[in-house]
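**Student:** Here's the letter readout for the chains.
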Amino acid sequence: MGFNYHSYLREKMMPHIWCSGCTHGIVTKALIRAIDKAKFDKNKVVVVSGIGCASRMPGYLDFNTLHTTHGRALAFATGVKLANPELHVIVVAGDGDAVAIGGNHFIHSCNRNIDMTLVVLNNNIYGMTGGQRSPTTLEGDISSTSVYGSIGNPIDVVNLAIGAGATFVARTTTYHVHQLESYIYSGLMHKGFSVIDAVSACYTAYGRRNKQRYKSAIDMLNYMKNNVVNISAAREMNSEELKGKIIIGIFKDSLEPEYCEEYQKMINRVKNKT
Amino acid sequence: MADIRFIQGNEACALGAIYAGCRFFAGYPITPSSEVAEMLSEELPLVDGVFIQMEDEIAAMAAIIGASLAGKKSMTATSGPGMSLKLENLGYACITEVPCVIVNVQRGGPSTGLPTSPAQADIMQARWGAHGDHPIIALCPSSVSEMFTETVRAFNLSEMFRTPVIVLSDEIIGHMREKIVIPQEGEIPIVNRKKPKVPPHEYKPFKGEEDFVPPMAAFGEGYRYHVTGLSHNEEGFPIQSGELVHQMNVRMHNKIYKNLDKIIKNEVYMCDDAEIIIFALGGAARSSKGAIRHLREEGIKAGLFRPLTIWPFPEEDLRRVCSRAKNVLVVEMNLGQIVFEVERVLSCMGVKIDGMFDSSGEPFTPLSIVRRVKEIFQR
Amino acid sequence: MASRYEIRLSGSGGQGLILLGIILGETASIYENKNAVQSQSYGPEARGGMSKSDVIISDDEIDYPKAYNVDFLLALTQQSFDRYTKEVKKGGIVLYDSTLVHSPKEGDYRLIGLPLHETAVRDIGKSMVINIVSLGAIVKISNIVTIENTEKALLKRVPKGTEELNKKAFYAGVSLAK
Ligand SMILES: Cc1ncc(C[n+]2csc(CCOP(=O)(O)OP(=O)(O)O)c2C)c(N)n1
Ligand code: SF4
Ligand SMILES: [Mg+2]
Chain A
1 MGFNYHSYLR EKMMPHIWCS GCTHGIVTKA LIRAIDKAKF DKNKVVVVSG
51 IGCASRMPGY LDFNTLHTTH GRALAFATGV KLANPELHVI VVAGDGDAVA
101 IGGNHFIHSC NRNIDMTLVV LNNNIYGMTG GQRSPTTLEG DISSTSVYGS
151 IGNPIDVVNL AIGAGATFVA RTTTYHVHQL ESYIYSGLMH KGFSVIDAVS
201 ACYTAYGRRN KQRYKSAIDM LNYMKNNVVN ISAAREMNSE ELKGKIIIGI
251 FKDSLEPEYC EEYQKMINRV KNKT
Chain B
275 MADIRFIQGN EACALGAIYA GCRFFAGYPI TPSSEVAEML SEELPLVDGV
325 FIQMEDEIAA MAAIIGASLA GKKSMTATSG PGMSLKLENL GYACITEVPC
375 VIVNVQRGGP STGLPTSPAQ ADIMQARWGA HGDHPIIALC PSSVSEMFTE
425 TVRAFNLSEM FRTPVIVLSD EIIGHMREKI VIPQEGEIPI VNRKKPKVPP
475 HEYKPFKGEE DFVPPMAAFG EGYRYHVTGL SHNEEGFPIQ SGELVHQMNV
525 RMHNKIYKNL DKIIKNEVYM CDDAEIIIFA LGGAARSSKG AIRHLREEGI
575 KAGLFRPLTI WPFPEEDLRR VCSRAKNVLV VEMNLGQIVF EVERVLSCMG
625 VKIDGMFDSS GEPFTPLSIV RRVKEIFQR
Chain C
654 MASRYEIRLS GSGGQGLILL GIILGETASI YENKNAVQSQ SYGPEARGGM
704 SKSDVIISDD EIDYPKAYNV DFLLALTQQS FDRYTKEVKK GGIVLYDSTL
754 VHSPKEGDYR LIGLPLHETA VRDIGKSMVI NIVSLGAIVK ISNIVTIENT
804 EKALLKRVPK GTEELNKKAF YAGVSLAK
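Those protein sequence lines, which keep their order, are chains A, B and C. The first sequence: position 188 = 188 (my numbering), numbered continuously. The second sequence: position 200 = 474 (my numbering), numbered continuously. The third sequence: position 87 = 740 (my numbering), numbered continuously.
Here chain A stands alone, though its shape is the one from the complex (with noise of 0.2 Å):
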């Protein structure tokens, strides 16, 4: 029997915004059988995103749910983690709001440590506002705003939480759908900020442009299942043979000191002192 999504789900919210061929709605589903999988109480549930399409989800969810200003999801979330740590705060954000916007929020929050989960709906592009490029674009790649090829690097959102001490790293795609829903869930269960960077599609603003190697949304899922690479496997592989491959697996995995912990702590010692 498959699962029953619709417990979770706000039905009068439906028909969603997305489009045919939009991996968000995907993300959706594995977060929701992440949670379900949690058995976490929904009334204690806070998701909060940003702006953009993915930030569209928390509104079609049966939880606490905080729809905020472009980048600053993870900040709103610290503020409702730290003023009740009994809550599971989830962030959901897009590439744009994740990385480039709210670059300096989510620097942040990998350092500080707070237990929450951010998924990051990779999609390469600004969905909402009509396909201009973002910081995870490939290099070459057609946008609006790079309409003769993107240039740089992208930025890699693995290795920008890794360096920024996120305890819990993880990257899969929106094809693994299973892999998918055990990130997150593995997320949720980890004590301290984890982020999982889930590799999606947009075929509307990002693939239509990009034909040399998307001619479909479909091919958009094919591309990630056929250039997947798991991360043991690419520990072997040099750089020319990663070259347009999509490294999954889970980078980090590591028990360290959690903020709203440590502040508690703090509190019990100075209290004890006065």
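Relax, there's no trap hidden among the hints.
The calculated DSSO-like cross-link candidates involving lysine-lysine, where the alpha carbons are at most 30 Å apart (straight line), are: (1) C/K809 to A/K271; (2) C/K813 to A/K273; (3) A/K265 to C/K813; (4) B/K575 to C/K687; (5) C/K758 to C/K742; (6) B/K471 to A/K12; (7) B/K575 to C/K743.
These are calculated hints, taken from the structure and not from any lab test.
Chains B and C with the ligands: place on chain A using the hints.
**Tutor:** For chains B and C with the ligands alone, coordinates are given in the frame of chain A:
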């Protein structure tokens, strides 16, 4: 025994916040407001509150909104450049009707300007800085005691009306030390936001009651509602209907403008027989009072109208107090901002309005105001 | 409002003038039930260069928080002497350090030169306590607050373990002014 202290305005602000029930502060250091953050970093843990220094002012503003939604009374404090960064999410707090307090200890601008000198040049920014139509409440303390009491009032108003409230102070008031008698517990009533009385499936988080203010549930209390910065309906979901959007905006306007009696507060000093009324706020009002002392000694009938609530603007009170005066002098530490509001409100009343403006970062001396008043009378 | 009394403490950064102002303000407001306001110059000025701290004491409400009609000026450097004596009112008092201020100009004020710095160095053994020596002299000369109350405020304000040293410096100042 009375708790008498000799402390800075910014410290009094921090203590006022704790008194009002503030249990969450997020900020980013900036002169001349940092003492607020410094003191709260020390005080909040002692009352199981949270202090966090964020990566910038945008994040700090976001964090206090998040904390307020999770049920904590929350505050941030900043100055000029930081205030500019807060505006994005200040607008968010307005449209989502999230109570919170923003302290702006004004310094000289624009941009980095005069970090350690006072100014009052963010008055219009407080009113209109966030884009879009939105009402706002802004309070202007003029002493260390008022930094305490107006911060408490800011929290009370923000809770009462589900709205962000700005405490618009300035470097003079923020940094000076002055005697303050700390109010006893219970001396100033504390207001807490109203909670829904209906079960979750009947709850409409953005449906105003008779006072136009919707009850507010905290995240985690079982109400599971949606909060968005998009124009939304009473249930909190995005809408396109122009008519509904307009209705929502009008209600948010009404919750402030139809409750003015609960929000407006002024000091009216020696105005009964005054031929000239000085209109001034915050630090400039202290200089003006000094001037009135000298003027009265010389037999010149001068008085002071000092709004403690600058937004919404005290239109009716100002008209009433100025009904018999011949002259009004607006004294402000900027190149002329609130004078336009005074002119608008007193137009057609036959009173002559002058302005005294300065952006040097030096407070007006009482004697400079005395000279100006005499010039006006000699004209 | 004849009771308004304006004190300006001026010198260079590091002479502890802000603390001196705070102790005067605390004495008046906490121990003498008067009103007091203290303000200071901030920014580059307060970082080693010229420093000033104003204290207003009054039985009535204090409006303007800065000194502009100075009753009592303390000048611990020549530069601050030159700059601020202009703002001293007729008949006001100018107390200056007799070694740090080499050419004190006469004016419409009562001029008092005392070896504040020397006393701090010689009698107490710490140039740092020049502010506390000055405090003793100011209180003795101005009579604006009592010596006993100032001692109370002083002892509450200074770091633990330094009470005796500061008390000694304070009374050295009081004696100088006799
Ligand atoms: C401060 C601000 N700047 C710009 C915008 C316009 N804007 C809305 S969504 C968006 C980009 C969204 O891209 P992404 O985060 O990748 O999400 P996607 O739509 O691709 O899911 C932009 C630039 C905005 N809403 N706010
Ligand atoms: S524009 Fe792209 S990201 Fe947005 S809904 Fe359509 S496919 Fe999805
Ligand atoms: Mg995107």
